Amino acid sequence: MAQQHRDSEGKSLLVLGIIWLLGAISDRLWFALDRSVPAWDQADYLTSTLKYLQALQHPQWFSGEWWTNFWLLSTKIPPLAYILTVPFLQVFGTGGDRATLVHLLFSAILLASVYSLGVQLFNRQVGLWAAAICVLLPGLYRFRLQFLLDYPLTAAITFAFYCLTMWKQESGRHDTDFDTDTRMNYGGEGEIRKKEGGRHDTDFGADTRMNYGEEGEFFSLSRSSWFWAIAFGISLGLSILVKHTTVLFLFTPIVWLAFGAVRQKAWGRLGQLAGSLLLSVAVFGPWAKTNWLLILTGGKRATVDSAIAEGDPAINTIDAWIYYGQHLPEHISWPLLLIPLVGLILYWRRRQDRSSILHLNSCRWLAVFWGGAYLINSLNINKDDRYVIPYLPVLSIFLAYCLTLWPSRWGRQIRWGTIGLVILAMLLHMWPLGGAFGHSLVQIISPGNSNYPYLGKEWPHREVIAEIIDREPYLQSTLGVLPSTPEINQHNFNFYGALANFQVYGRQVGTNLKDVPQDVRSLSWFVTKTGPQGSIRERIKKAQNAAVTAIEKGEKFQLEKTWILPDYTNLNLYRKRVQPVEIQPLNEARSQVQLDRVTVGGKAVPGVALSVTYTWSGPWQQLQSGLVLVTWENQQSGDIPPGQTFRILHDRAIGQATLHPGMLEADKFAVGFRVVDRTAMLPPANIAPGTYNLQATYLNRKTGETYPINVPAVSVKIEAEPLDMRSKAEPGNEEKAPGNENNTDKPELDLVTQLRAMAVNLPKGLPGLEPVFEQIGRINQYDPIQDYTVQAEQALEYRLKQEPNNLELAYALAFSRVLQQNVQSAIAALEKVTQLDSKNPYAYAYLAFVHLYGWHPKAAQTALKPALALNSKLPEIRILNGVAELMQGNLIQAWQDLQYLKKLKI
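Position 251 (the sequence shown) corresponds to 250 in numbering that gives the first Met the number 0; numbering is contiguous.
Derived from the structure by calculation, the hints contain no laboratory data. Values in this document were obtained by computation on a predicted structure and should not be read as measured data.
Pair ranges (Cβ atoms, derived):
#1 Asn544 to Ala313: 28 to 36 Å
#2 Ile443 to Phe30: 24 to 32 Å
#3 Thr696 to Lys75: 32 to 40 Å
#4 Glu664 to Arg27: 31 to 39 Å
#5 Met886 to Ser62: 25 to 33 Å
Calculated cross-link-like contacts (lysine-lysine; reagent style BS3-like; alpha-carbon spacing at most 30 Å):
#6 Lys513 to Lys745
#7 Lys872 to Lys838
#8 Lys288 to Lys50
#9 Lys800 to Lys701
Ideal Cβ positions, reconstructed from N, Cα and C, are used throughout, including at glycine.
Given these sequences and hints, build the entire structure.
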């Protein structure tokens, strides 16, 4: 008997392997022929896999800083799917199709989990049919053919649900085999054998009650229950690390089991379940702790904003609650939806007088999962078919079970006929077969969009990236992308730029009308497109049109190249006529960085950006890793009256940190290089009139080495101007200047200078922060890796060593570290700020906020004590204090302080 059982199990596993293999062959054939480019989300996720591939080339497993930076690579979306893709990229190479090889792993996890659930809840026959259905469900194979997180999430959730089910089973056992008679109720052909008086369902509730006396006494928990509790905790944590919407699917079964344990006074089981949840927190906690604020703020954009933009039904309408029900035929297909239900009805009628009918408890357990997931996802105002595909595998188990309920006379024919129809529908959805007749037929059998491989002309993304690199082989470039179609968008240009050693980044600009002049001034490369512009929302159409007009009809850009796209529209690549950074190799080597020439253009006015061009030369390594600390200082600094400054700071990386080795050989960098750096500096609004001479110091970003740079004889004369004339050109006020809407001639400040200019507003609290955050999102587009924050930090650290009591520099340093989400160093910088600005309650508020971000509520409360003493009525201070109290569990005091939210003016 045992030998027969092992043989049967071996055959079942062989069949399961064949099901996986056939699905894998079908998918890989599709990918082999497909020549499409990834759309928005797909390209964004693919780029993230390349970031983790790069990070894992040289891991530092025992470095806390390395782990922090590792988790910061994906701040809003959990990274496990990206991380698991890395080995496939290492073995098979980079590329969109190769990244999807990870789906073979997820398919194996999914099919094994579905099969095992089917066996545990019903029998092997149900498990195998359910696995086959999972391969054939339209709702799954459509997303299996795209690099999205929903299919990996489906596999992760199904595995976690399997572990939870096994824990539910094992914790309910008491020295007996679990429902062995149920598994033997099926014959060789899978038909149901009649077993009068036998136990036909896996009655979890009955088994659970066996472990407890009449007074609810707890006996003991088996080792296997501890094993599955640990397995569930780990699998739940890993599933959340795939995508945090895991909780929408597993919340209901967890609460169901917790409520049952409380009702039965099963405190041991409740403790195990709580331990599992704590273990899951330990798994996903490091990433969540590092990025929790961005997760929360990004959640609104991903749900509320997207729902409004896409016109999803409001939650108080019936359409919101039947949305996913209406889409079930598209997810499942009509044959798999109707034929199993007919089998269930016939079985019910045939068995209605029997004392034991159906596997009621198994079906109820599946219903708890599916019903809870359906209701909770319906509560989510942002609706999309792919958001609910994780409940389809559980539904496939129920459908497989119903298929086995058909009478034995024609049950086998019904099952294979149903599968045959679904295979036909899958082929017609995946391949352009049968022409118009095939399309009409498949819409009858399985409604929904087909997913054919693209077999046409290749899209020119690789050529665009190659053209940019060919024209600027030594530079990193940011490409402004104005259209936003599935084929032409910022994300897929960014992905193809990442494939080219991250030498080109794609970013969407031209989305805010008032920022268009700065967008055009800040970037050197743009792509525009004729014809439909894609998902450009109404509110940004004017901005996009203005950007297109400035680029295509202005004098600052020239058309570099045009490609005819497969949809017979044109893709135009534009390049700025005068590049902000130019680099050429020299004939001779150089030992140190030199400043060969400085050209200052225009009239120098306080508070007005002044264009300046620096020409540097030196060895490649020093140029690439070099910061230059540039100071324009007044010759009569000793005679400057109080309240006025006597210098202009212009610290930043050489070439705006865009020097990139590209794909060039190492011997190409043995010679020296010349870098022409066109930028602008900002004379402070309170600068004293006079003549300012140049001083420069080189700082190596990697080694910390410094040396003075010989500078040419050059000076700047500052002339006093009325304040109203100056204010029109201060950073952030460009749009307020009359007639400046189309002014692309103004010089654009380098990003480090813009950061320091924004930091001046920090002592003002919330009123000063509002314009800061408006500008940060904009300038982050221009520097895709936000290296300007690191440049600013390194330069300001050096400056503060020379001037330890300079409050303005201290605020700027703290700001640069906060933008990097570097908690410990930001705390150190803000502690320095509180020492220098001890009478400003906002200084303590910033310190407390960073402590809260780092999960240090006690330290935050301590930091707020001086602020409360200075002004206990400030809403910002009381709210932060309330959050600190809440994080420590002081609910009453937290409630009192958080009432100040009503007074907060945002």
